[in-house]
Each structure stands twice: as C-alpha cells, then as structure tokens.
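Based on the provided sequences and hints, a complete structural model is requested.
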Amino acid sequence: MADKVITEEEFIDELESGMTIGVGGWGSRRKPMSLVRSIMRSGVTDLTVVSYGGPEIGILSATGQMKKAVYGFVSLDSIPLEPHFRVARQTGAIEAIEFDEGAFYLGLLAASHRVPFYPTRAGLGSDMMAMNPELQTVVSPYPGPDGGEGETLVAIPAFDIDLSIIHMNRADAGGNGQFLGPDLYFDDLFAMAAKRTFMSCEKVIPTQEFLNEGSVHTLKIPRIFVDGVIEAPMGAHFTECPPDYGRDENFQKLYAETAKDQELWDSFNQKYLQTNSHEEYLAAVNSGEQDE
Amino acid sequence: MKRADICVAAIADCFRDEADILCNPIGISPIIGGRLAKATFSPDVVMTDAVSVLATNPLPLNDPSAERTIEAYAPYRTIFDIVWSGRRHVMMGATQIDQYGNQNIAAIGDYKKPKAQLLGLRGSPGNLINHRTSYWVPSHSQRSFVSEVDIVSGPGYDRMRTLGKPDNRFHDVHRVVSNLGVFDFETSDNRMRIRSIHPGTEVGEVIENTSFEMVIPEDIVQTRVPSEDELRIMDLIDPRGMRYQEVPE
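Chain order of the listed sequences is A and B.
Here the numbering used here = 1-based position in the first sequence + 5.
Here the numbering used here = 1-based position in the second sequence + 20.
Calculated directly from the structure, the hints in this document are not laboratory data.
Treat the hints with care, as some may be off.
[To be verified] With a Cα cut of at most 25 angstroms, we get these calculated DMTMM-like pairs of lysine to aspartate or glutamate:
| id | chain 1 | residue 1 | chain 2 | residue 2 |
| --- | --- | --- | --- | --- |
| 1 | A | Lys208 | A | Glu218 |
| 2 | A | Lys225 | B | Asp178 |
| 3 | A | Lys276 | A | Asp253 |
| 4 | B | Lys185 | A | Asp51 |
| 5 | A | Lys258 | B | Asp83 |
| 6 | A | Lys73 | B | Asp130 |
| 7 | B | Lys185 | A | Asp151 |
| 8 | B | Lys133 | B | Glu168 |
| 9 | B | Lys135 | A | Glu100 |
| 10 | A | Lys72 | A | Asp167 |
| 11 | A | Lys208 | A | Glu236 |
| 12 | A | Lys225 | B | Asp101 |
| 13 | A | Lys265 | B | Asp83 |
| 14 | B | Lys135 | A | Glu268 |
| 15 | B | Lys133 | A | Asp51 |
| 16 | A | Lys9 | A | Asp165 |
If you want it as structure tokens, here you go:
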C-alpha cells in the first residue's frame, strides 16, 4: 500500500489558478479548514468552489480568490447565513450557481458515476431554472404515469471538479478515511467526483486500528479515491468535528463579525488565517483565547 | 390563552391524520407543533432529532444531550431520498408568500445582485414538487403576505398549473399558519383562503395585513385553543418558552 501522507506545502504544489475545487463537509460542520488556509496561502486565484457551503465560501470570497461558487446553500448553522457570502452576493462580487439542496447531491453523484446528468423533479416550477439559464430539462423516453407522454425532469449536470478536499476523523497512510461523527455528508461523492482528492484528518492511524475507533460502517472513504493525506489535528476548527470536538462558537462569532468592517477582517485575516502553517494557526487561536 | 400556544396547536393540526411519513417541521414553533402532534394525535409519523436520527420520544427543543429512543439512522442523504419518495410533510418558513402559495426564502430584489441575500433556495424546489408542504409565518404583514414574491423558491399553485400534469402531481401546499390565522388553498382556483382566525383576531386585521385579496368564507371559524394536556406537553418540548419570543402577545 503506497504511503500517501504529504505535507501542507506538498498539497499547495497541487493547486493552480482557475481550478474548480470541491469542499466536503456541510455548512459549519467537518470542513477541511487547514486545507482552506493552505489554498489562501498558495495565492491561487479565479477559483470555482463547489460545496454544501460554509466558511470556505465566505473566506475565499473575502480574499478575492474565488470568482464563482456552486452550492446547495451557504450557512454557518448557528449563524443561518454566511456573513461574508452575504456581502459577496449583495455587492455582486462573485458568480453564484445555486441548486436545490437535493439536486446538488445529484450533480456530485453524476460526476462520480461519469454520466452527464441525473434527472430529478427538483426545480420544476421554481426560480431555480431562471437563476441558472444553462440548466436544461429532459423528457423521459418512457411513458408517463398515465401511459401518455413521458415526464419532464430537470437534468442536473455532473459537476466538473478538478480537486476535492475533505476532512476525516481518522485516516491511514494509504488514504483510507473514517468518519466518526453523526453524518458522512457527501464526502465520499466529493472524493469520487473529483479528478484528484486530498484528505486531511485528525489523526493518521495504522490500518488495523480502524475498527478500534468505530464500526465497519464508518469506513466510507476507500483509498482508490484519495491522492494525498494530510494529518491536521483540529484541522476542521472552527467548524465542528464530533466526536473529536464541537464547533468553536466564540471563534465563529469573531469570524462572522469581520464581515461588517474591512479593518476587522484585515486584522483577523492577518492574525489567524495568513499564518504559515496549521500549527501556527492553532497557536494563534490559543493565544487569542488567552487575550480574552 | 397565549397566542403562541394557539399557533403551536394550529401547527400541530396541520399534521393531523397523518401516519408513516416524515413529519419535518423547520423552525421553533413548527418543531414544537410537530412534536406535539406526534406526542398526541399523530403517533405514527416519524421525526428527526434535527441532527441525524429518527427518535420516537418527544424531544425537548435544542437540547442535544436529551435522551433519545432512536428508531432509524437518517443522515442528510437519507432525508433527500425520503423527500424524493414523497413520504414527507415539511413545514417551512416564508419571508414572502403570495396568494397562490409561492414562497420566497431566497433573496430580496434581483437574484443576480440581491438587495438582501436571505437563506437561498435551500430545499424548497425539491420539497414542493415532491410532497406536501405547509408554511409558518410568525409575523403576518403586508411585507410577508405579498402580491408577488421576488424569487420563487417554493412554487405555488399558479406555477403548477402552468407546469401541468403529470409533472405537477405531487405538489400539495397544505396550510399556512401565521400569528393571525390558518389559511388553505381549498378554492376553485387555489387562491389562499381563511380557514380559521385565531381567538382575539378580527377578520379586518387579516385583510389589512395582507397585500393580496384573501378569499374570505361566509362563516369564519375560530382556531381551536389547545387543551390543558397539550399545554403541558408544549412545556415539556419547550421548557424555556422560546415560542413566546417568536410570537409575542
């Protein structure tokens, strides 16, 4: 089994401007935040981000690195609307491709299965269609429920993702990932849908220790879909990563406040996000707590 | 009798006579109302713990440490599967709602560069086209009951008429509950109608606070008041009285 463990710097070498990046997790839950900061540090621009959006959408729009967001929603959970995303939308700073939450899942699934689209009813009659003029419908080749013409359905296109990043509770050096929290979300599909996938984790463990951590049902990321593993304890901070840790609500509030004021954002960005490594970030967060 | 308690009982009544579906209310009063229905007259609906499982016992609001009797695992992927299966009745909020039940929770203004970005489409498009939907609007005003919504996140009956059969066959906007009354679409052209008004509310108040022409039945019924037993259960589900903040007197 090849050793896929890499450093943050090696991950940064994989990034290029103009890429479409898939980000696992859900809202402010189990987001690969250390890798998001690596993306910031890399300086790449013109990014498209595809996600069930949380702070990665807000941060990469605030830094100006993201030109386009493709999403099912963008939320911080305890703060229902991502505040930096709100600013980006209301100033027209980013292009937004918004899908019904369930329809978004089908875009990931289609990419994973290498089919051009999956059909769904979601979107018929709503403004999801008008908001996405490129979105097409298809007529079923099979008879409708009344024996007549086939039903019309929305064709959710496969998301063309260059690189996905996901965060797991545990992983082995070979690239197998384990989630120990309440929900995998769609991280397996992000890994499958993308040309390349990089997985951060709380802890790299020997393969034979996986079943000491959780049942066989928690082993949902097979290594055939993973290209690199980055060990990053607290790597999802400030988003939640149960059972390892919950959301850092105070820090999330601090982050949310920075959407109101450029100076607040500049100092927050400088102090926490523009740190040179994940270790430096954690040290800054710890010293920030002591300041309070 | 407090208005918030009447609202919660009215929400619970939206789920009356339902069984073997996911009762999925979203928001403070809807969750209390849904859990009340399940604890009383609709025991055969299933409900989530708002995280990832279906729990049989009536859980207190926003209490992650509350004891749960778990009957099934329901991560988000399963929730979407249930949406598409049709075995679900969702109750959502609506920043704007119009006479045909078109809902907007997405944004105010032009979608491309909105004046105010709201929650976004979320799951509304998929919910409306797949299964029964009800709405909860805690503040009934001309700003929420509008003649035309800015963006249609959840399509109403006029949109469905345009879409036509068979594509519209699972669409079912069931009830709208506000702080003033209960409304349905059981009219020949599916325009919103007063189903009942809450005790202490005059019809004129509903008319004044609605931007479109509400269908008014000849005999106006009053919304029922909850029983002592229901009030006791509401307190178990909402021990901190969050419903009273959502619906002040």
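- Task: May I ask which of the numbered hints given earlier this structure violates, with the numbers listed in increasing order?
- Result: 2, 4, 13
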